[in-house]
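**Q** Build the full structure now, drawing on both the sequences and the hints.
2 protein chains.
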Amino acid sequence: MTPVTAPHPLPGFPRSTVDGYAVRAADTYGVSDGLPGYLEVAGAVRMGAEPGVAVGPGTAVSMPTGGVLPPGADAVIMVEYTQEAMPGTIEVTRPVAPGDGIVRADEDAAAGAELVPAGRPLRAQDLGMLAAAGITAVTVHARPRVTVFSTGDEVVPPDTPRLRPGQVRDATASALAALITEAGGDPAQGGIIRDDAGALEAALRAALHTSDVIVISAGSSVGARDETATAVSRLGAPGIWCHGLAIRPGKPTLLADCAGVPVIGLPGNPRSALVVFRLIGMPLVRQVGGCTRPPAEPVVRARLERDLASATGRLDVVQVRLHDGLAAPVFGLSALLSILTAADGYVIVPEEATGLDRGTEVDVTLYR
Amino acid sequence: MTPVTAPHPLPGFPRSTVDGYAVRAADTYGVSDGLPGYLEVAGAVRMGAEPGVAVGPGTAVSMPTGGVLPPGADAVIMVEYTQEAMPGTIEVTRPVAPGDGIVRADEDAAAGAELVPAGRPLRAQDLGMLAAAGITAVTVHARPRVTVFSTGDEVVPPDTPRLRPGQVRDATASALAALITEAGGDPAQGGIIRDDAGALEAALRAALHTSDVIVISAGSSVGARDETATAVSRLGAPGIWCHGLAIRPGKPTLLADCAGVPVIGLPGNPRSALVVFRLIGMPLVRQVGGCTRPPAEPVVRARLERDLASATGRLDVVQVRLHDGLAAPVFGLSALLSILTAADGYVIVPEEATGLDRGTEVDVTLYR
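Line by line, the protein sequences are chains A and B. The first sequence lines up with residues 1 to 368 when you count with the working numbering. The second sequence lines up with residues 369 to 736 when you count with the working numbering.
Among these hints, one or two may not hold up.
To be verified - For the chain B half of the interface with chain A, some residues (derived, Cβ under 7 Å), not all of them:
no., residue
1, P379
2, V471
3, P638
4, L701
Unchecked claim - The calculated label-pair distances, taken between Cβ atoms and stated as ranges, are:
no., chain 1, residue 1, chain 2, residue 2, range
5, A, T181, B, D594, 38 to 46 Å
6, A, A206, B, T507, 34 to 42 Å
7, A, P161, B, P439, 22 to 30 Å
8, B, L694, A, E361, 18 to 26 Å
What the hints assert, rightly or not - Which stretches of chain B does chain A cover? Using the computed rule of at least three CB atoms under 8 Å from a CB of chain A, they are:
no., stretch
9, 434-440
10, 530-538
11, 546-559
12, 601-615
Just so you know, these hints were derived from the structure itself, not from any lab. No experiment lies behind these values; they were computed from the predicted model shown. Virtual Cβ for every residue (Gly too), placed ideally from N, Cα, C.
**A** Structure (structure tokens):
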């Protein structure tokens, strides 16, 4: 979205922050419990209404919290430091300084001040501030349209009641839709395409016109991956940026720019696909959606419960469970989605590390 | 939601995790580059189809990653460790153990295993696991209906183009709706009620029947707060639990149970109201919505840039900005919403502390 500025000062008038009396501060100088001052009550301010009375020397006006400061007053003294001496006169036992008990007319925002920056999702308090300024509509970046394709002759829709031997239901597309939504995107299901480069190319080509990003959860076999690469390479220039990343899991990832549309070919294993999409796909969707200041991920510190092996030059994403301040790695095959559902979060073993020792303090990014 | 269990084993059949050949592991024992073994290729498994061929002694079947393991085989050897010796015969240069290159039929989930626990919002990988199991509908807790009232003669709707002196637009209701949604609730706007205990009581009484939780952002003056308490006290037993909390900002908070409906009376200052609603209202909405395992808040560690004063027995919520690993407190009046919009997060000074020294390492909960 674009930055939004205040159309006028906020709150827009000098306002009392306490229940009490609007006064001229100088009239209270030197007063104390032993030597109170006396002020004549010239009237009362009602909430939400213009003051019908001014404060002059030796006078005070009764104020509710949030009321408009009357002309002539420069402070509000709390009711606790006053008492009625006789009808129409109060006794004041504490001095106030100019500005005490008041919020200035432009103290919450000056006219023209930036209320909300560009590039950040609106938070609750931002919505409150915009409402205070009377701004009930803002120009925002459109949610990027992200089309998700699944490929593979073995893949059938999730609502398939009975599987034939060798068939698996499409787990990745539903999970990707949730991650795309979390990243501010608008997921569109492109469906399941059979292992055929021609069919995939036709489906991708049609999607190019309606998508800001295309995601393919590619087949898991070498043949299926080759077909994905072939189909993507025919879509448009400049084409494939890279095919294969030094990430585990997630090595067989394909990244391409096809006629201006970013295309991500994810690994066929659902776990690998979701790990890679979190690392690469979600930041891309945010970027395309104009979110330059993404919200922070929840991270906790924990100590590794056991050694983690890795290889230099490869980034490892290791799922962990948390208990008692310890991060216990959940090991298993890339093919197993249950590793992800059992985990509380993940640890990254960076490219330059050959592994992390048991007891090392690590950042665990939490799944939510 | 209720826990969901697997209706059948997943993936449901023994599956190859590599491209290669299904074999009897014993046929590969002792082979090496210098002394390869030879196996007759009896056929090929196609993706998504039942194997049309079995593996017997001395034979192998060509396998794609993800294919069904044929009868008789107990391992899959990677294609990289084989080569075609002559048409129909492969040379094997590495031994495999039983189970190598295979995911068992129930390795991702056994029949009856819990796929998703109760009381936790569904994460992306949970949706994937449910899809894999063919579960496309689950029973979930209804979103609690949370009705939000604003009170105050000075409060006008956010879309009011021009304010008369003393009027302020309702900033709190919009911000509360965002926090209620984040906590899994369904916010309903009860509107702005004038400072009149009878009018407020009538509005609250009508909302009791349609709400799971009622939130009142009360007027800021003592009189308005008294009227809120009066109206709430007439709604039903057991009534008001407490009126006043040892929290800063947020002292004039009212909590009640009116005929089984939790009622929260928030302070009139928008900043105080939002601080209290995060601490008390959001956990309540989650609880009422059946979310017993809420997602973690994003927290970062930082060092205080300056001393924070507090009082024993009072919990202080201090907004901070983050820079260079430091948390810089954003001070200002409770009436100022700009403190919240300027902040990156907040630090809690607990009841037992009299303050926190500059340089203390603190947890900063991030606003998002």
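**Q** Confirm or reject each hint.
**A** To see whether the hints hold, each was checked on the structure:
A distance limit of 7 Å between C-beta atoms decides the matter here; for B/P379 the minimum to chain A is near 6 Å, and the interface restraint holds. Using the Cβ-Cβ criterion of 7 Å, the hint placing B/V471 at the interface with chain A is satisfied: the shortest such distance is roughly 5 Å. For B/P638, the suggested interface contact is upheld, since its CB lies about 6 Å from the closest CB of chain A, less than 7 Å. Here the hint on B/L701 is kept, as its CB sits about 6 Å from the closest CB of chain A, short of 7 Å.
Range check, A/T181 to B/D594: about 45 Å between beta-carbon atoms, so the 38 to 46 Å window is met. Distance hint check for A/A206 and B/T507: the Cβ-Cβ separation is about 37 Å, which falls inside the suggested range of 34 to 42 Å. Between A/P161 and B/P439, the C-beta spacing of about 26 Å keeps the proposed range 22 to 30 Å intact. Distance hint check: the CB atoms of B/L694 and A/E361 are about 21 Å apart, consistent with the given range 18 to 26 Å.
Given as covered by chain A, the stretch 434-440 of chain B passes the check, having 3 residues with a CB less than 8 Å from a CB of that chain where 3 are the minimum. With 8 residues carrying a beta carbon less than 8 Å from a beta carbon of chain A, the stretch 530-538 of chain B meets the three-residue requirement, and the given coverage holds. Here's how the stretch 546-559 of chain B fares: 3 of its residues keep a CB closer than 8 Å to some CB of chain A, so the rule of at least three is met and the hint holds. Coverage of a stretch by a chain is defined here by at least three residues with a beta carbon nearer than 8 Å to that chain's beta carbons; for the stretch 601-615 of chain B and chain A the count is 0, and the condition is violated.
Hint compliance for this structure: hint 12 is the single one not met.
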